[in-house]
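Protein chains: 2
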Amino acid sequence: MTAGILTIGDEILIGQTIDTNSAVIAKHLNANGVSIKRILSVADTIEGIIEGLESLEDDCDIVLTTGGLGPTKDDITKHAFRKYFDDDLVFKKEYFEKVKKVFEERGFKVTEAHINQFHLPSKAELYQNNMGSAPGMLFEENGTLFFSMPGVPYEMEHLLVERLLPILKERSGDNEVYHRTLMTVGAGETTLANQIEGIVDQLPLDASVAYLPNLGSVRIRFSVSGNQITDSKAELDRLFLQMKEKLEPFAYGEDELPLAKHIGDLLISRHLKLSLAESCTGGHLGHEITKIPGSSAYFEGSVISYSYLQKESILGVKKETLLIYGAVSEETVIEMQKGIIRFTGSDVSISISGIAGPTGGTPDKPVGTIWMACGNKEKYFTKKVMAGKNRLKNMEYAAVHALNLLRQFIYEVY
Amino acid sequence: MTAGILTIGDEILIGQTIDTNSAVIAKHLNANGVSIKRILSVADTIEGIIEGLESLEDDCDIVLTTGGLGPTKDDITKHAFRKYFDDDLVFKKEYFEKVKKVFEERGFKVTEAHINQFHLPSKAELYQNNMGSAPGMLFEENGTLFFSMPGVPYEMEHLLVERLLPILKERSGDNEVYHRTLMTVGAGETTLANQIEGIVDQLPLDASVAYLPNLGSVRIRFSVSGNQITDSKAELDRLFLQMKEKLEPFAYGEDELPLAKHIGDLLISRHLKLSLAESCTGGHLGHEITKIPGSSAYFEGSVISYSYLQKESILGVKKETLLIYGAVSEETVIEMQKGIIRFTGSDVSISISGIAGPTGGTPDKPVGTIWMACGNKEKYFTKKVMAGKNRLKNMEYAAVHALNLLRQFIYEVY
Chain A
1 MTAGILTIGD EILIGQTIDT NSAVIAKHLN ANGVSIKRIL SVADTIEGII
51 EGLESLEDDC DIVLTTGGLG PTKDDITKHA FRKYFDDDLV FKKEYFEKVK
101 KVFEERGFKV TEAHINQFHL PSKAELYQNN MGSAPGMLFE ENGTLFFSMP
151 GVPYEMEHLL VERLLPILKE RSGDNEVYHR TLMTVGAGET TLANQIEGIV
201 DQLPLDASVA YLPNLGSVRI RFSVSGNQIT DSKAELDRLF LQMKEKLEPF
251 AYGEDELPLA KHIGDLLISR HLKLSLAESC TGGHLGHEIT KIPGSSAYFE
301 GSVISYSYLQ KESILGVKKE TLLIYGAVSE ETVIEMQKGI IRFTGSDVSI
351 SISGIAGPTG GTPDKPVGTI WMACGNKEKY FTKKVMAGKN RLKNMEYAAV
401 HALNLLRQFI YEVY
Chain B
1 MTAGILTIGD EILIGQTIDT NSAVIAKHLN ANGVSIKRIL SVADTIEGII
51 EGLESLEDDC DIVLTTGGLG PTKDDITKHA FRKYFDDDLV FKKEYFEKVK
101 KVFEERGFKV TEAHINQFHL PSKAELYQNN MGSAPGMLFE ENGTLFFSMP
151 GVPYEMEHLL VERLLPILKE RSGDNEVYHR TLMTVGAGET TLANQIEGIV
201 DQLPLDASVA YLPNLGSVRI RFSVSGNQIT DSKAELDRLF LQMKEKLEPF
251 AYGEDELPLA KHIGDLLISR HLKLSLAESC TGGHLGHEIT KIPGSSAYFE
301 GSVISYSYLQ KESILGVKKE TLLIYGAVSE ETVIEMQKGI IRFTGSDVSI
351 SISGIAGPTG GTPDKPVGTI WMACGNKEKY FTKKVMAGKN RLKNMEYAAV
401 HALNLLRQFI YEVY
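So the protein lines, in turn, are chains A and B.
Counting along the first sequence from 1, when you hit position 378 you're at 378 in the working numbering, and nothing is skipped either side.
Counting along the second sequence from 1, when you hit position 149 you're at 149 in the working numbering, and nothing is skipped either side.
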């Protein structure tokens with residue numbers, strides 16, 4: 001089964017909104033054996049939407065659209081569908097009454113705009129949206145399914161997973177898509193490719209490989225797909241293990257495992273508690289760690305020290321250290337690393353101090369200079385990273401390196 | 001001038017990578033008067049790429065592609081271009097020598113894969129990439145420009161801004177695109193739309209309006225475009241001010257101003273220093289604040305207290321408060337808010353404690369229950385938010401509400 005995704009909205013075409021919906025849809029469909037042929041984004045115009053529907057209907061079994069279903073005036077998707085299917089708008093009274101009831105229970109007022117929202121194409125089969133007022137609309141014409149969802153991400157995902165996927169599961173055939181992904185950190189694309197070249201050459205003919213680099217880390221994705229892929233899958237599984245072993249120092253896990261989740265697993269298995277002393281990353285490292293469900297089992301907490309005063313008073317960094325070496329120095333991050341352990345009583349800790357930019361650099365310490373330490377009460381590793389000029393990227397880059405440093409420390413010491 | 005964007009990569013079509021490149025390209029082009037007709041994502045296949053190029057060439061003056069230029073085997077964009085333009089691959093020795101020199105200076109080894117990378121279509125004019133090895137490629141055929149860039153986001157943006165935009169500026173005509181965006185927080189799309197309905201009706205005929213909701217906030221974008229838009233622009237500017245006034249309690253700024261930047265401006269103008277005591281948001285609020293350049297001028301630091309122990313010992317929350325009311329309670333966030341001020345000496349502070357989920361809820365306090373306080377030494381505001389089941393969304397939602405609460409506190413008290 002093949003699908004096409006059409007995301008509708010001027011905000012996407014002017015770059016004001018990043019289209020995250022397509023990735024969410026693609027992930028869910030793929031996991032259910034539906035492969036995506038194309039993703040297309042068009043403006044909020046009836047012609048644009050109609051052209052988009054036409055181009056996708058051509059070679060897709062199902063076309064999914066997001067956006068343009070809200071109660072305000074810019075929402076014109078329903079008019080495009082009406083025209084595309086040569087249909088009329090009718091007042092969907094039954095659905096409206098349901099929504100009205102929910103609104104009244106919550107003390108919201110139903111407005112003219114809401115009533116207008118339920119004038120919808122007569123051919124649309126409506127699917128209830130528990131997260132908002134706009135329902136999902138399903139059309140079936142000339143053997144193609146069309147499913148229209150709102151653009152608000154959590155409403156879209158709710159309709160996709162709870163309403164559409166059960167329908168697709170019923171209808172899908174035997175086509176299968178099989179992915180294995182190797183998660184690596186600390187080496188570039190070419191280094192990795194060279195190391196596993198000999199093994200990649202042995203992969204089955206229908207397999208494909210993709211290297212997906214991101215700040216400091218690379219995912220390597222292997223895929224096979226088709227109707228009869230049992231053998232290819234087994235062969236891929238066998239070689240995948242070999243490649244993982246070959247890339248040992250860099251490969252830390254599989255299948256979209258976040259590095260922070262891997263660190264969490266390491267900490268749990270060794271009964272260690274972690275704390276952080278963040279300066280230039282300003283909370284980003286803590287966020288990376290705590291966005292993993294269950295992180296409260298091993299994360300003790302952290303101090304974000306944005307001033308000299310706090311580095312001294314809270315973390316116990318010596319005044320002389322700050323005066324002689326500065327806040328961005330190996331000496332300071334070591335004292336921060338020890339200080340946060342004293343402060344929180346955790347077993348291991350990470351500290352980071354750097355110049356995130358875009359200003360604040362000096363000739364010795366240009367923007368992007370970042371020092372980090374990680375260790376326990378006795379031992380520690382330190383690392384200096386020279387990043388770029390982009391503040392947010394520097395923070396993200398520093399967090400990846402810091403997590404990787406902790407990984408190495410745990411491997412070595414525990 | 002019109003443009004089409006083609007992003008190439010299986011990783012996009014299986015949802016493994018969110019296509020952020022398109023938004024970055026769209027933003028830059030739009031700001032330079034180039035409007036985007038369509039954004040299309042296709043798989044790493046020669047036919048897919050060629051079909052994509054064809055469909056965009058039709059009605060776009062320029063077609064931009066990203067992805068598929070790296071040194072590894074999955075990179076086939078150059079073969080698609082070669083075929084599309086009926087061209088041959090030639091060894092671009094001059095560019096290769098340059099890259100080799102840079103590699104050698106940095107102590108990297110040039111491999112077979114790298115040499116292979118510089119066999120490129122003969123018709124391609126190469127543009128130097130200072131951030132990586134793959135150059136930008138420019139083709140001009142049948143009056144259409146084609147510009148191919150790598151998929152790595154910072155390499156792409158570098159080539160776009162430093163190499164392509166100067167060329168486009170030289171060639172672009174008089175077409176103009178004009179946007180004004182109103183940033184709001186604390187009200188839904190329908191509430192906002194109702195309040196400004198009367199003014200929106202007076203907008204010039206060529207103006208369009210879009211509501212762009214996100215967790216707890218809505219951007220409202222007004223646009224006019226064309227060759228002669230001086231009058232429409234003036235009229236939009238006039239009505240924009242009226243709408244901003246009308247939406248006073250919710251509208252905090254314009255033109256993509258992040259809420260955290262606005263808070264920073266408020267703090268600076270009133271000479272206030274801020275500190276945070278985060279529990280369930282785990283650093284996310286600190287990250288939101290510190291990713292704003294210059295935030296060190298007003299951000300004192302924070303404590304992330306993930307355990308009872310730390311709430312007591314560091315923030316001075318009373319043992320009885322935790323025992324009687326629990327960590328997620330109004331009483332606890334008030335003591336945290338006061339505690340972090342004592343601890344850091346800041347003027348104002350925010351505290352947050354909640355159940356981020358996906359587990360850990362109780363019948364009284366289900367997942368998504370989040371308490372927050374903000375204030376100074378004497379006064380405070382508190383707020384309880386009932387969010388959803390998604391851990392990451394709950395953190396983001398809580399941060400928006402907390403910033404908005406601080407905004408209200410500053411307006412009222414200072």
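For the record, the hints were derived by calculation from the structure and aren't laboratory data.
Among these hints, one or two may not hold up.
Computed far set for chain B versus chain A, every beta-carbon distance over 10 Å [to be verified]:
1) K83
2) Y84
3) L165
4) A356
5) K377
6) F409
Lysine-lysine pairs mimicking DSSO-like chemistry, simulated, CA-CA at most 30 Å apart [unchecked claim]:
7) B:K261 x A:K291
8) B:K393 x A:K384
9) A:K109 x B:K365
10) A:K377 x A:K261
11) B:K109 x B:K244
12) B:K109 x A:K244
Positions of the beta carbon are idealized from the N, C-alpha and C atoms, including for glycine.
Practice problem: Mind listing which of the numbered hints don't hold for this structure, in increasing order? | Solution: 4, 8 and 11
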